[in-house]
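> Here's the letter readout for the chains.
Number of protein chains: 2
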Amino acid sequence: MLKRLLHSAPRDRWEAIGDRFAHVVGKDGVIRRKEELLTYECDGLASYRQRPALVVLPRSTEEVAAIVRLCQELELPWVARGAGTGLSGGALPVEDGVLLVTARMKQILATDLDNQRAVVQPGVINNWVTQAVSGAGFYYAPDPSSQIVCTIGGNVAENSGGVHCLKYGVTTNHVLGLKVVTATGEILDLGGSVPDMPGYDLTGLFVGSEGTLGVATEITLRILKTPESICVLLADFTSIEAAGAAVAAIVGAGIVPAGMEMMDNLSINAVEDVVGSGCYPRDAGALLLVELDGLELEVAANVERVAGLCRDNGARGIQTAYDAEMRQKLWKGRKAAFAAAGHLSPDYFVQDGVIPRTQLVSVLREIEALSDRYGYRIANVFHAGDGNLHPLILYDNSVEGALETVEELGGEILKLCVRAGGSISGEHGIGADKNCFMPDMFSPIDIATMLAVRQAFDPKGLANPGKLFPTPRTCGEAAIARKNKLSEASVAAVEVDLF
Amino acid sequence: MLKRLLHSAPRDRWEAIGDRFAHVVGKDGVIRRKEELLTYECDGLASYRQRPALVVLPRSTEEVAAIVRLCQELELPWVARGAGTGLSGGALPVEDGVLLVTARMKQILATDLDNQRAVVQPGVINNWVTQAVSGAGFYYAPDPSSQIVCTIGGNVAENSGGVHCLKYGVTTNHVLGLKVVTATGEILDLGGSVPDMPGYDLTGLFVGSEGTLGVATEITLRILKTPESICVLLADFTSIEAAGAAVAAIVGAGIVPAGMEMMDNLSINAVEDVVGSGCYPRDAGALLLVELDGLELEVAANVERVAGLCRDNGARGIQTAYDAEMRQKLWKGRKAAFAAAGHLSPDYFVQDGVIPRTQLVSVLREIEALSDRYGYRIANVFHAGDGNLHPLILYDNSVEGALETVEELGGEILKLCVRAGGSISGEHGIGADKNCFMPDMFSPIDIATMLAVRQAFDPKGLANPGKLFPTPRTCGEAAIARKNKLSEASVAAVEVDLF
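Taken in sequence, the protein lines are chains L and A.
Quick note on this note's numbering: the first sequence kicks off at 204 and runs consecutively.
Quick note on this note's numbering: the second sequence kicks off at 204 and runs consecutively.
Quick caveat, the hints were computed from the structure, so don't treat them as lab data.
Any copy will do: because identical chains look the same in the list, a pair fits if it lies in one copy or spans two.
Below 20 Å or equal to it, Euclidean Cα-Cα: the simulated SDA-like pairs (lysine to any residue) are:
(1) K370 with R425
(2) K618 with D392
(3) K309 with R262
(4) K237 with A219
(5) K382 with A651
(6) K230 with L241
(7) K618 with P673
(8) K428 with G457
(9) K428 with T561
(10) K382 with D392
(11) K370 with I458
(12) K535 with L469
(13) K663 with A651
(14) K370 with G457
(15) K382 with D649
(16) K382 with T314
(17) K532 with A542
(18) K382 with I648
(19) K309 with S337
Owing to the predicted nature of the structure, the values given are computational and were not obtained by experimental measurement.
In isolation and in its complexed conformation, chain L is listed as follows (with noise of 0.2 Å):
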């Protein structure tokens, strides 16, 4: 009968193939109107929109393998998709598949304090893990920007970072367990509640698989104790290469902040016209935001200590909040530097690269003169501590071909990072923006290693085709593509997970 179903008239065929996700998942599982489908047309990512055919939305795992199965059956595509925060189109549909969306898996299934541990579905927020656990004094540590929106299936399939990963690490370092529903619809259990399992550490290889392995069902997190003591220091100083100099100065020393960001003038001055905090000094060359955590002695001799290397090295003023209204007053204008860009032009463009952490400041040197060379505004805002760029290129998309030569430039900034010794991407993903960009970085048996490994979890690809690896399309034959099919996208809808 499914055969013959493929074969009818598309509408028909589709209504059909509804019925039968219908059968799994109930009829207020599957969302099949053209103007409700409108709104997962594309995630943080909205130069790239594409409908898909239907959404699903599973409760359980069950639901997800039977839903999976049936997909292999029909030899539909699928794409999985948490709050669709992400900024790479790792959530970015299939035309004719189907999107299957974890909004109705939002429990938190256990907490276990003794041993650190909590077990969540998906679709459970980032945010409430910790409020979850606060109460008792615990936290969970990746906080990606968008963490009071963006769930924790999403983070895995991202292996999302944070402001704190510098000294936490990003979400692999913080999963200890899955239970995965490969593309073949057969239930894993990867990992457990113990660390450094013995075999093949699939855990880890399916964390950061941007959804071309399967989908996490359930994820057995790591929390961390609240620590005693939190101070966030802002330093200010004349120019970028002096505040490269201290954060140099910093690690040297030995000191492992939680979060180490740079603001560069331009990005100053954009958040105090929106933000007016009065905090960050409108004539800095740059600012660095230090916050150190651990016991409160701890944390207060390391305070003198960065505040000691930041005089050192030629900062002009320092600023302390150790409670915790004045350590959100200092955190504000850097949480709001992307939305601040917005209203410095009509568009902006955000790269995410990573470079060793030596190289900073001669890396913003060359990113400045391709800014120059290209004629378009950059503000640089970044983790500092670990070399993750996220370089904001200003440009108004009403311009005629204004869009391209931004995107020209975004990939020059990333050819750069990988010439530097770095990679392309720092936290936000390649999904579809930038595969084509796989190449510059691993050589073609690489990729083909990688590609043979995803043949054991999709011999028919059918999990998120056309994300993560490069397609047969080159860069520019995708940018003309996704010219002709770009809508409105609107700065606003990205804010959200920017920061």
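Let chain L serve as the given structure and place chain A on it in line with the hints.
Here is chain A on its own, set in the frame of chain L:
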């Protein structure tokens, strides 16, 4: 010509094959004489022995690739070996196979102190890395007990831990990148010098794969700043329950010691018999060794807190040591514990399992019950902080049937660990020793997925066959086969790696 070689008489055949390998690595790079091959017939798990047909000693990635491609062409199984200190038979040769020994790949290729990286060949001894960078105030954290002998390549294969993995993590947390030769002879560059590269985490997949995916030929390690201050605290308790409660209290207070070890009364007395330092009270039910590191005032504060928590939980006496010599004195007994067990009885069998830390006391009681039931004494020495148990079963191998019974008892302990939510190996690996227990921990589909991943690297299954994954042979059959091959395994040969 080669096909002909394979069908000629065995000795001639291996002579001709040896010449082929000599063509790659030079005449002095091939060992073929029976008496010289004897050295390589076992690793630290001396109860499994098998002489290889040939030992080959490459010097470079290219030579490794040429060796592996030759094995592929001749369809020869091959096994990689570092120092051979492993305790699970991971480097046990294969009959009619090649042993690829990394003893001539001992170069530290680069150190980059600013970015805290070192790039080494696989034959580099673990301890050399620290020696190379300690003058500048750095060290390499993973410290298996065999660190003055074992190689980084072996550490990568086994994902080795050590006393300090409680705070600093195991090998996989310190490997950023790998150049590997896959079983098909391809050279891959996995990861890099910046952490969390995009694409599948094949670096993480490779670490701990026990030589079944290929050989690492260049390893990029993360090196850490030497802590400002280190203190070792020894607390003695009248019971295991009390010591276990102290462990729970320390972890519960959010303190993360660099290491936290426990020894029971039998181990304490064994150690005092041999080392006689007088530091360990013979009438203690259990003792804890807690190492704390960090800033001077942070360590001082944490020593106070840990001492207080130990006293609250019934510690009778507490000793602390800050200077290196005194610290070594307190550690000495712990480090000699396994060797000392050899003085309590003619032979001993060391088990390696993991349990959730909160199950410590109840599992130790169950081990005690098993000891009574089987009539063998069991000494317990273990990494209490992360629940990694090392029960030492004392026996006399000259008694008919003793080894078989002890192996059965060891298996019961592993099953107990799995039932408690733990794992069949903490840090010694699966190898040839525990592969028959894999089905106790992984479902058939979990194992099938690992094997499918293996296919991507080693379609012919030539790299370290018979290890890690269960073979059609049942445990019982394997034990019989092993018994028939068992030669005079000396305790001394094993002691070097025990901790």
